[in-house]
Amino acid sequence: MRYLPLTSDDRQAMLAKIGVRHIDDLFKDVPKADLNPEINLPKRQSEMAVERQLSTLAAKNTSAGSVPFFVGAGAYKHHVPATVDHMIQRGEFLTAYTPYQPEIAQGTLQYLFEFQTLVAQLTGMDVANASMYDGSTATAEAVMMARRVTRKKRAVIAGSVHAHYRAVVETTTQFTDDNIVCQAPNPADAGAELQAALDAIDDTTSCVVVQNPGINGSVLDLGPVAEAAHAHKALLIVVVTEVMSLGLIKSPGEMGADIVVGEGQSIGNGLNFGGPYLGLFATNQKYVRQMPGRLCGKTVDAEGEQGFVLTLSTREQHIRREKATSNICTNSGLCSLAFTVHMSLLGEKGLRQLARVNHKRACDLRDALTAAGFEVLNSSFFNEITVRLSKGATDVVETLAADGVLAGVPMERLYPGQGFDDHLILAATETVTDEDIAVLVSKLTEAVQ
Amino acid sequence: MSMNTQGRPTAPVAGSVADGTSEMTPVFESFSGHRGLRLFEPLIFELGSTETTGVDVDEAGDFEMSIGDLERTAEIGCPGLPEPDAVRHFTRLSRRNYGIDMGVFPLGSCTMKHNPRLNEKMARLPGFADIHPLQPTSSVQGALELMDQLSHWICSLTGMPAVALSPKAGAHGELCGVMAIRAALEARGDAREVVLCPESAHGTNPATAAFCGYKVKSIPAKGNGRVDLDALIEALDDTVAAVMITNPNTCGLFETEVKDISDAVHKAGAFFYCDGANFNAIMGKARPGDLGVDAMHLNLHKTFSTPHGGGGPGSGPVVFSDALKDFAPLPYVTMSEGERALHEWSDEKGQSLGRLTAFHGQMGMYVRALSYMLSHGVDGIRQAAEDAVLNANYVLASLQDIMSASYGGPCMHEALFDDAFLKDTGVTTLDFAKAMIDEGYHPMTMYFPLVVHGAMLIEPTETESKYNMDQFIRSMRGLAETAVAGETARFEGAPYFAPWKRLDETQAARQPVLRYSPPEPDQK
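Protein chains in written order, with the working numbering: chain B, 1 to 449; chain X, 1 to 524.
Chain B extracted, bound-state conformation:
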């Protein structure tokens, strides 16, 4: 087996050194009846054979880059520069462990410090952690953090928050006595949707969670909801599932957010069928010690040279055990590296340009759909819009998929049985061409006939 260096002679010599005859003498603590069970699985294969088998499976999928592609709703197709993947495949990054031995992990630690700074800058907050599993788990952690900060238990989740994020918050808090108030989306009136969240805030509220851009793509000023939250001593948690939007839209920090969580996949990371992704988590300085997750901080070594270490670990499970702020024991290290490399290439200038191109493409899409007689529900948006069709969106999307166009996400898939079966969410990023838009609109028009 190509990954196993020991030879039969090595094994014999080592067993002799240990003083046993047979390898199973080392497994003597396993109940005899249960040792070496018959397992009906295939035997070892060559690299070429495995490659053939997995390539066959991959070929059964329609990749985003091979068709006109408008699917978003929490994961976005962006172009990732070739440099990013080369950097993250360097073995010193790829095959390193969590930087618990900082003298030989300054590479990881420095990019985490850079990453934390970039996330803080993008979200407009004081500090960010070293990342979490994904945007949805970061949202659940934020709700629990708000509870620790405010010592209140009622969380209001606005209709703009992604259905799956809501579900993760509900799952994660189901065995605590939190009171999670989930509101319905209102794709036709995003302003009313936000107002409903604002109206639901009372003195028992720990936090109000809003997403910007919302699940239907709309972009709103969160200033009023921040004021209302703060008036009731509640925190405003802002969810950003399309981090590219922060290159064009005013940051959550500027709008008064207390915690910003998000999905960082759009920068540096591919679609990967939903994972691994990159949870972002940022907040203000005064809440640092209530934050979940890993933090990297600056320090010096014994000779006074600047360096970095993991810090404030007294919040974490390996020190605090059952009293920890979270049970999380990892971050999305390599995904945060991809994010940092891509951001280092883009810089503010490139990010702003790219964000404008995204918005322009979505405006083009909106214009083309409107011109063809479709009803676009958004008045303000970043790179994603919602359209109300004259028939069920699920069937329409299936029809177009069979015809080589991936047309978007039927709202019915995210909110089954809640009256949105004719709503379709479409994203247009920089990867979409004029021709893609023309093909989409023509096939959509055909499909709704």
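Keep in mind that the hints were calculated from the coordinates and are not lab data. None of the values given here were measured: they were computed from a predicted structure. Just so you know, not all the hints are guaranteed correct.
Residues of chain B clear of chain X, computed beta-carbon distances all greater than 12 angstroms [unchecked claim]:
#1 PRO99
#2 GLY304
#3 LYS391
Which residues of chain X face chain B? A partial, calculated answer using Cβ under 8 angstroms [to be verified]:
#4 ASN4
#5 PHE45
#6 GLU46
#7 THR50
#8 PHE90
#9 ALA129
#10 PRO206
#11 PRO313
#12 LEU356
#13 ALA420
#14 PRO521
Using N, Cα and C, we set each Cβ at its ideal position, and we do this for glycine too.
With chain B's structure known, arrange chain X on it following the hints.
Frame of chain B; chain X shown alone:
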């Protein structure tokens, strides 16, 4: 000194810096701040500018925007670098890291095994890497088939009837498992309050139990490093929801009484959660399903060779017994009429514990893990477990005369030592670990598990050849002999040969600096 005809020296000056016989001891700093291959590298914020970009992005041109009055006008502050500078920046940073690709990485309970590059190549096939989680399922049948295949391998290797793939990491898997236990208990109207964890448990176990609203009670270990069965039975009453046990445990030992434990747990109406962090020792050799386990997570980034990546992304699928499988999280893959589908919302029985992550879990890791499994086959997997256990016992046998082994052998995949052999030497486990860095190794896990003093937990994995093992053992013996002989100089300031000396963690925590801030203008 020998020279060629142009007067160029052709051989280095005799002697060395380290033994003081060379006259070339550096008594100066370079003008550049670099030290040969050790290149000084500032932060991107000190290198780049907000006006620079290393990406050629099309101009959007003038158009009417639809973002209301919410345009971001204030400076963001993110610097850009031209592509060559960005490549250098991250290449230079990478060279300050130690990885499995560089050498032995015997970090106990972390299973730092070789990360095959075939896995990386497969995960990057556009048919896996460039598909969206919300595409119509008709367009991702190959991805769902891969998830099915991986599930089949996992269930077969563990002897369990069901698996939930979606948890994002080991601790997330624990959460999933304990939530399923709580859901099952609530479904039968059985409110229980307590989860029992051994003292040697990893910190995530009690943290997870607390997260699910349980009180945590500790159960003691016996002198042989195993769970004290009598104490466990004593603690098992009708308030106990679950027992969380790592097997093989964090002392590197197989729980010999595991079946008595599972029988006792089930008799008390509780569930047996097994932390599968150490499954590498028994894969293909024994199945948790045969040992009475109700739920167990696997770490694909440990056992099945997906990269640790400097701290994630991990992947923590959870296997379930028949008693728990109806409570598994959403989504899962179903099959009808030859087509696979994703069950994303409440299931037929309505018992699922719910959704734990935005999408379907770590697909990129599923591909890598399956690539590893297919490559090894069931025969190679069993061989890998045997080699891992053999290497660990070889370490134990080769060091136990000079270092203090905490328990007798045989061990499983890792060998546990404590600091008794360092008593009165003034050398601590931390010093010893840092001296290993000077030897060119990543240190073993230190001060964990908590059940022995100054723990040193060594897990070589099956990746190491006998040659590597012998080199490593020679270093370890050398260090141990030196420490015991009272020659402590090489420990006190270690590491000496690493790019950084010991870092001040206290200062970092006292006044946390968690982000870059530009220098104050008057300091420029």
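Quiz item: Is the Cβ of PRO99 of chain B farther than 12 angstroms from every Cβ of chain X?
Solution: violated (7 angstroms)
Self-check item: Interface hint outcome for THR50 of chain X [beta carbon to chain B under 8 angstroms]
Solution: holds (4 angstroms)
Quiz item: How about ALA129 of chain X: closest beta carbon in chain B under 8 angstroms, or not?
Solution: Holds. Min distance 5 angstroms.
Exercise. Have a go at the PHE90 of chain X hint: is there a Cβ in chain B nearer than 8 angstroms to its own Cβ?
Key: PHE90 of chain X check passes; min Cβ-Cβ to chain B is 4 angstroms, inside 8 angstroms.
Exercise. Double-check ASN4 of chain X for me: the hint is only fine if its C-beta lies closer than 8 angstroms to a C-beta in chain B.
Key: Since the shortest Cβ distance to chain B is 37 angstroms, the answer is violated.
Self-check item: ALA420 of chain X as chain B interface residue, shortest Cβ-Cβ below 8 angstroms
Solution: Violated: closest Cβ of chain B sits about 22 angstroms from ALA420 of chain X, beyond 8 angstroms.
Quiz item: At a threshold of 8 angstroms, is the proposed contact between GLU46 of chain X and chain B supported by beta-carbon distances?
Solution: violated (10 angstroms)
Practice problem: Determine whether the non-interface label on LYS391 of chain B survives the test: each CB of chain X must be over 12 angstroms from its CB. | Solution: Check passes; 16 angstroms lies beyond 12 angstroms.
Quiz item: Are PRO206 of chain X and chain B close enough, Cβ to Cβ, to be under 8 angstroms, as the hint says?
Solution: holds (4 angstroms)
Self-check item: Interface hint compliance - LEU356 of chain X to chain B, C-beta minimum distance less than 8 angstroms
Solution: holds (6 angstroms)
Practice problem: Hold the hint about PHE45 of chain X up to the distance rule: shortest CB distance to chain B must be less than 8 angstroms. | Solution: holds (7 angstroms)
Quiz item: Are all beta-carbon distances from GLY304 of chain B to chain X longer than 12 angstroms?
Solution: Its Cβ does come within 12 angstroms of chain X, the nearest being 9 angstroms, so this is violated.
Checked against the numbered hints given earlier, the structure breaks hints 1, 2, 4, 6, 13, 14 and satisfies all the rest.
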